[in-house]
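Given next are the chains, with one letter for each unit.
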Amino acid sequence: AQKITQTQPGMFVQEKEAVTLDCTYDTSDPSYGLFWYKQPSSGEMIFLIYQGSYDQQNATEGRYSLNFQKARKSANLVISASQLGDSAMYFCAMREGIGTGGFKTIFGAGTRLFVKA
Amino acid sequence: DGGITQSPKYLFRKEGQNVTLSCEQNLNHDAMYWYRQDPGQGLRLIYYSQIVNDFQKGDIAEGYSVSREKKESFPLTVTSAQKNPTAFYLCASSIAPWTAGTSGVFSYEQYFGPGTRLTVT
Chain A
1 AQKITQTQPG MFVQEKEAVT LDCTYDTSDP SYGLFWYKQP SSGEMIFLIY
51 QGSYDQQNAT EGRYSLNFQK ARKSANLVIS ASQLGDSAMY FCAMREGIGT
101 GGFKTIFGAG TRLFVKA
Chain B
1 DGGITQSPKY LFRKEGQNVT LSCEQNLNHD AMYWYRQDPG QGLRLIYYSQ
51 IVNDFQKGDI AEGYSVSREK KESFPLTVTS AQKNPTAFYL CASSIAPWTA
101 GTSGVFSYEQ YFGPGTRLTV T
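Protein chains in written order, with the working numbering: chain A, 1 to 117; chain B, 1 to 121.
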């Protein structure tokens with residue numbers, strides 16, 4: 001069963017505007033972590049932000065914030081003040097730990113973001 | 001600078017040949033991982049290693065083999081048994097979860113290499 005769903009294959013945003021990338025997840029484990037990664041055209045994966053399942057507040061890292069709605073099992077990434085360099089693939093990921101000792105991270109299919117000048 | 005190196009960036013092989021992808025890290029991380037990425041898909045775990053001389057299969061280990069003889073190195077061999085080997089391969093490393101503390105077992109970051117794009121014809 002698919003555990004991470006990113007429903008937006010591609011998104012366009014105007015430079016300097018905010019954009020929300022959607023992510024929903026499925027787990028029966030009460031303890032888990034949620035991540036967002038950026039993959040530029042060069043290929044490497046860049047860690048952006050993390051949210052723990054027990055964290056009371058939404059995570060923020062500079063222009064990135066994670067809109068965590070636990071009851072809805074959603075973990076949307078918000079990028080404020082988009083820049084041309086934000087054009088990339090963005091992956092949502094989840095880590096469950098009980099069965100694999102915290103080693104297994106599951107990735108969504110990704111959303112390609114295009115920032116227009 | 002600390003980081004992960006993968007070589008080569010592009011690799012071409014004929015069908016039926018085994019090929020080994022290199023992954024080296026100087027971050028002093030205990031854990032290392034190999035992922036496969038296909039167009040339009042996320043990353044899928046091939047193998048991971050928690051410590052030297054130990055490794056476990058991930059979700060798509062068939063047709064692949066690994067070794068972990070040194071802490072810094074985690075090479076991946078794509079064997080002729082892998083039915084569809086053409087893909088983008090990413091290596092990653094991290095601290096071991098048990099060193100992250102109770103609250104940090106899920107929060108540790110994985111550091112990724114630049115990837116190797118393998119084409120088999």
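Rather than coming from a laboratory, the hints here were simulated on the basis of the structure. Any given hint could turn out to be false.
Partner residues aside, some chain A positions facing chain B, computed with beta carbon under 10 Å [unchecked claim]:
| id | residue |
| --- | --- |
| 1 | Ile4 |
| 2 | Pro9 |
| 3 | Ser42 |
| 4 | Gly52 |
| 5 | Phe103 |
| 6 | Val115 |
The structure presented is a predicted model; accordingly, all values stated were derived computationally and were not measured. Every residue gets a Cβ at the ideal spot worked out from N, C-alpha and C, and that includes glycine.
Discussion item. Can you verify the interface hint for Ser42 (chain A): is its Cβ closer than 10 Å to any Cβ in chain B?
Written reply: 7 Å, holds
Worksheet entry | Status of the hint placing Val115 (chain A) at chain B (closest C-beta pair under 10 Å) | 21 Å, violated
Worksheet entry | Closest C-beta approach of Gly52 (chain A) to chain B relative to 10 Å, hint status | Given a least distance of 6 Å, the restraint on Gly52 (chain A) holds.
Item to complete: Answer holds if the nearest beta-carbon of chain B is closer than 10 Å to that of Pro9 (chain A); otherwise answer violated.
Response: 8 Å, holds
Fill in: Restraint outcome when Ile4 (chain A) is required to lie within 10 Å of chain B by C-beta distance
7 Å, holds
Worksheet entry | Hint check, Phe103 (chain A) versus chain B [nearest Cβ-Cβ separation less than 10 Å] | 5 Å, holds
Checked against the numbered hints above, the structure violates only hint 6.
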